[in-house]
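Whenever a hint applies, use it, and build me the whole structure from the sequences.
Chains as they are written, first to last, in our numbering: chain Z, 368 to 533; chain D, 17 to 582.
Quick caveat, the hints were computed from the structure, so don't treat them as lab data.
Keep in mind that this is a model prediction, so the values were computed, not measured.
Glycine included, C-beta positions come from ideal geometry on N, C-alpha and C.
Hints may be right or wrong, so weigh each one.
To be verified - Selected chain D positions facing chain Z (Cβ under 7 Å, derived; list incomplete):
#: 1; residue: 198
#: 2; residue: 200
#: 3; residue: 201
#: 4; residue: 320
#: 5; residue: 321
#: 6; residue: 381
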Amino acid sequence: MKLHTLSVLVEDRSGVLARVASLLARRGFNIHSLAVGPTADVGMSRMTIVVVADELEQVKKQLHKLINVIKITELDPNFALEREIALVRVSVAAGKRGEILEVATIFKSIAVDVGANSITFQVTGTPAKINDFLELIRPYGIIDLVKSGRIAITREPKARKLRATG
Amino acid sequence: MTTISGAQSLIKALEHEGVDVAFGVPGGAILPTYDPIMDASFRHVLARHEQGAGHMAQGYAWATGRVGVCIATSGPGATNLVTPLADALMDSVPVVAVTGQVSTFAVGNDAFQEAYTTGITMPATKHNYFVTDVDDIPQVVHEAFHIASTGRPGPVLIDVPKDVQNATTTWRDPEPIRLAGYKPTLDPHPRRIAEAVDMIEHAERPVLYIGGGIIKAEASDVLTRFANLSHAPVVTTLMGRGAIPDSHPNVLGMPGMHGVYAATTAMQKADLLVAIGVRFDDRVTGDPDAFAPFARVIHADIDPAEIGKVRKAEVPIVGDAGHVLKAMVDAWGDRETPARTKWWETIRDWQENYPLRYDQSPDGPIKPQYVVEELNRITGGDAIVVSGVGQHQMWGSLHWKFEKPRTWINSGGLGTMGFAVPAAVGAKVGMPGELVYAIDGDGCFQMTFQELITASIEKIPIKVAVFNNAAHGMVRQWQRLFYNERFSASELGEGVPDYVMLAESLGCAGLRATTPGEVPDVIERSLEINDRPVVVEFKVDRDEMVFPMVPAGGSNDRIITGPEEL
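What follows is the structure, given as structure tokens:
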């Protein structure tokens, strides 16, 4: 099954998140990640939902039946910007500190907390970049990891055209 | 401006929506609202159980086409409404439920009679509201009625905390509906209609697969016109019975698990299914992979989520069934009506060779099918028939000849036993001039018969035929067929209750037929009593089974038409 990213514009009412989550669960769709926050429009929120599904038609149609759901867009990763943020605490053995910081620099990851035995990194970027970073530091020993869930936005149409032709 | 309470605002809002009756049960958290109900312009019918109130609202909505209203208190009052709400959601019945809630400051504290009503009913309603601002009441009620009655109809619940009912407000007429996320599509796309009509014209073996959507859209006349123009056979689902008169020569009857052989088989052999206001329910399709294997599909529905949910549609049409059929009639224009001679010959052969059948011997036990046919004959078919769920429901649907929409009321999708008595009460309140006859099983009857007290006290003279086989008949049938006749927990015991005495004690007339010869007479007598509800017990053959039958999940190609084929 594939991961699909849905950008869902909803009315900012209490219980909307519960409605969306309950509907997806009831219809048997698996949520990979879900991020929600306000938009520039007062009274509107945007949910970025990554669902695991073979086929997205039913998910979209069922979500549309919720009265508080205004608009649903399936984002094509080629024409959208997708970002995650991760906080990861890595154990640092004596003498390995410089090596880890070097890897982090390449990924533009910031050390946000440095202790005697561990460093906590903040890394932002595409899900792929974050996974790559995590793979590289995994051998040092990941003590704790937390991810934000994916947020996404479509690119400006003109830029999209250039990308498509070039 | 005069200040009023939230409760008064709520009642005024219901009046503003044109409500003429509400069914309900009072309780602590809804008490403030029950006070102004005494002065309301609409009638209140005090049900004996909130489930009864909910089914009454459904029966009212089915019979009249208007929104049914039910009222309950918080906690157990609200949870008792969950079954009727889920039922109304499955069968697309417009219902508005109003529930009391504990005061806002107590919400979330496990207060007395507190339940998370909006959370519990979220998957059982089309939409629900939790009112926190007393000034919102008129608008919320207006939206609730709009959502319940438009698009694909369904239940909407409004949960109102007690302090909000007691708060003061001033009445303001609701504003026009503006719901950014809710705009049902009524008019179909013309190109799709053109495509569909071309396909129907040129199909060799088309079938119009017709469901409850036609009845909700009040599209019976235009359906009949299109059936005439296209000369296509019509099957009507359990929800769609009466959408087109059974006496119309194109009508084959109900398809599916207990469908008429010709109806089910026509779909299996069809090269085109024209599905309108239906949802390819598993009781219709059987094994979906083996269902209508040669057919291309035109699927029209007001709910886009139904199109392609079970079966891929070559021509998907989103729209109101009435608008769709009107557009199809227009697009048909002056095309010739196809003869479809070979197709009709084949269908007439099936009808002749595999009719519905049962064997009523004059001195044997009463056959339930015979009772349905006698009821149909003696009433002249001029009745609203309401049923519960099980064997009696299938016999009612199969053996009654439905000539008009909104004359067959039952629980289809959810299959709620006990639906008949309260739904009949609601139907009779909505259509007091009509004969309302419930066909019920004894198992179903025992779940909700207390609403006959409501019917007696409130002078709602319904009639209830109880098919007494001292068993959960459909369960027993399955146990006979698939569980080696081990009748686990399906036998209700003989002789108790005494239905005649029970009926009398509830303020109803009680009648009984134990032999076939008594059947017509007892029906005649039931029609003569109109000053109180009537319960007629028919002691029916407990071994009678519903046929035709396709075992669950099986292919609709393998229909068992009678007991000798087992």
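Now for the hints, and whether the structure bears them out:
Hint status for residue 198 (chain D) relative to chain Z: holds, with the closest Cβ pair at about 5 Å, below 7 Å. For residue 200 (chain D), the suggested interface contact is broken, since its CB lies about 10 Å from the closest CB of chain Z, more than 7 Å. Taken as an interface hint, residue 201 (chain D) does not check out: its beta carbon lies about 11 Å from the nearest beta carbon of chain Z, beyond 7 Å. Annotation: interface hint on residue 320 (chain D) holds; nearest CB of chain Z at approximately 5 Å, less than 7 Å.
Because the closest C-beta pair between residue 321 (chain D) and chain Z is about 4 Å apart, less than 7 Å, the hint holds. Hint on residue 381 (chain D) is violated. Least Cβ distance to chain Z is approximately 45 Å, over the 7 Å limit.
In this structure, the hints that do not hold are numbers 2, 3 and 6, in rising order.
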